[in-house]
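Protein sequences, first through last, are from chains A and B.
Numbering-wise, our numbering puts 246 at position 233 of the first sequence, and it's gapless, one number per residue.
Numbering-wise, our numbering puts 64 at position 36 of the second sequence, and it's gapless, one number per residue.
What you were told as hints is all true, and nothing was included just to trick you.
Here are the computed lysine-lysine pairs in the DSS-like style, where the Cα-Cα straight-line distance is at most 30 Å:
#1 Lys72(B) / Lys255(A)
#2 Lys292(A) / Lys65(B)
#3 Lys216(A) / Lys71(B)
#4 Lys155(A) / Lys70(B)
#5 Lys216(A) / Lys51(A)
#6 Lys72(B) / Lys263(A)
#7 Lys239(A) / Lys72(B)
#8 Lys239(A) / Lys284(A)
#9 Lys65(B) / Lys239(A)
#10 Lys216(A) / Lys72(B)
#11 Lys55(A) / Lys75(A)
#12 Lys239(A) / Lys71(B)
#13 Lys65(B) / Lys216(A)
#14 Lys263(A) / Lys71(B)
#15 Lys149(A) / Lys112(A)
#16 Lys216(A) / Lys70(B)
#17 Lys71(B) / Lys255(A)
#18 Lys222(A) / Lys65(B)
#19 Lys98(B) / Lys216(A)
#20 Lys239(A) / Lys263(A)
#21 Lys255(A) / Lys70(B)
#22 Lys260(A) / Lys70(B)
#23 Lys239(A) / Lys70(B)
#24 Lys292(A) / Lys70(B)
#25 Lys70(B) / Lys263(A)
#26 Lys70(B) / Lys222(A)
#27 Lys222(A) / Lys72(B)
#28 Lys65(B) / Lys260(A)
#29 Lys263(A) / Lys190(A)
#30 Lys71(B) / Lys260(A)
#31 Lys255(A) / Lys65(B)
#32 Lys222(A) / Lys71(B)
#33 Lys292(A) / Lys72(B)
#34 Lys71(B) / Lys155(A)
#35 Lys260(A) / Lys72(B)
#36 Lys263(A) / Lys128(A)
#37 Lys71(B) / Lys292(A)
#38 Lys99(A) / Lys141(A)
#39 Lys56(A) / Lys216(A)
Derived from the structure by calculation, the hints contain no laboratory data.
Keep in mind the model is a prediction, meaning the values are calculated, not measured.
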Amino acid sequence: MKITMTATIAALAISLSPLTAVQASPADDVKAFQGYFKNKFKKTPFDDFVNGIYAVDPASRKQWEEIEEFPPYELAVEDGEAMWNKSFANGKGYKDCFKGKLEDIRSQYPFYDEKADTIRTIEGDINKCRTDNGEKPLKWKKGKIAALSAYIAFQGRGKPIAIKMPSSEKELAWYNKGKTFFYAKRGQLNMACADCHVYNAGKSIRADKLSPALGHPSHFPVYRSKWGSMGTLHRRYAGCNKNVRAKPFKAQSDEYKALEYFQVVMSSGLKWNGPGARK
Amino acid sequence: MQKLFNKLTVTISAIAVVGIVGFSTAVMAGGNDEGKKLAFNKKKGNCLACHTIAGGEMGGNIAPPLVAMKARFPDIAVLKAQISDARVNNPNTIMPPFAPHGILTSGEIDKIAAFIHSL
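Just chain A, same shape as in the assembly (with noise of 0.2 Å):
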């Protein structure tokens, strides 16, 4: 009784979003989302959607402000480009796997490869480098991976989301993995992504105020001050669930890559603007 009763709310939820028609093509999608929120937020310039609950909350953003002036993040930043220029036991580096210019290869991630029928991530090719060459990985949600990947985002930010559209049918099936699991509701408490982060955007949650869906994954790897150290996207993806009282997917499952996927699909025409500082 319980499942189909929450199968007919996700299917509900899908119906009264913003993505109108359930059929509808990505780019219909991008441009319903972002009018959303274009519409809500009238004062908040596009390009400032890249700033979280700081680009609709006025109130909060000088302090954020202050913050920037000394990032939290600029060790990491230094941290990961001390591993950049740090040859593996086989000779090879970072270098060799990321190939071409080092700004531009933030803004490549995540694609759809077609061989492997999955999302590519940043930290997947991480650590697929350094699996390739004989190292082990690393923890996927913080610590070394997020100073790597806070590297290669500083050195690409200003660069375009200009994700390619997902056409074929099987980027069409990620695409559509990631959009439902934003708009179903989940968990003991039963709240969809969309329910925070699109509906009741701006905000306040008992002391929270609730960032804007629009621009949410090009700041990442983000320092959190409540974590105190930096973390993934898919590390704040497990918090947000477990928040719910959801069970949490494993950083870079299929779920969280379907979900980051989707989520720059709806952030195109923004820029990178990696790393990030957060409370």
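Position chain B relative to chain A; hints supplied.
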């Protein structure tokens, strides 16, 4: 679900009886105090996450402030139904389904309802 419904009806009629008999002031005060604790407790009702409620700090503004509840809900059974499962009135609500998801027991919901009704 049917069972739950039966249980609800039973509790509701029990309340109706109590309603006729009337609460003694001592019971009222004690009950409301407990109800308030349950409503404010982050692991229980956590109503303040979304609602502003007199006597509670940092209430959210996702939901309407809970004031003058007797005028809004003359029948406490209607209030209890709203707290038990807000989806009945709004299928897409963000308010958690407290009874069906086992977040609160029906006894706890009775106490919270008594407190909210007193606002």
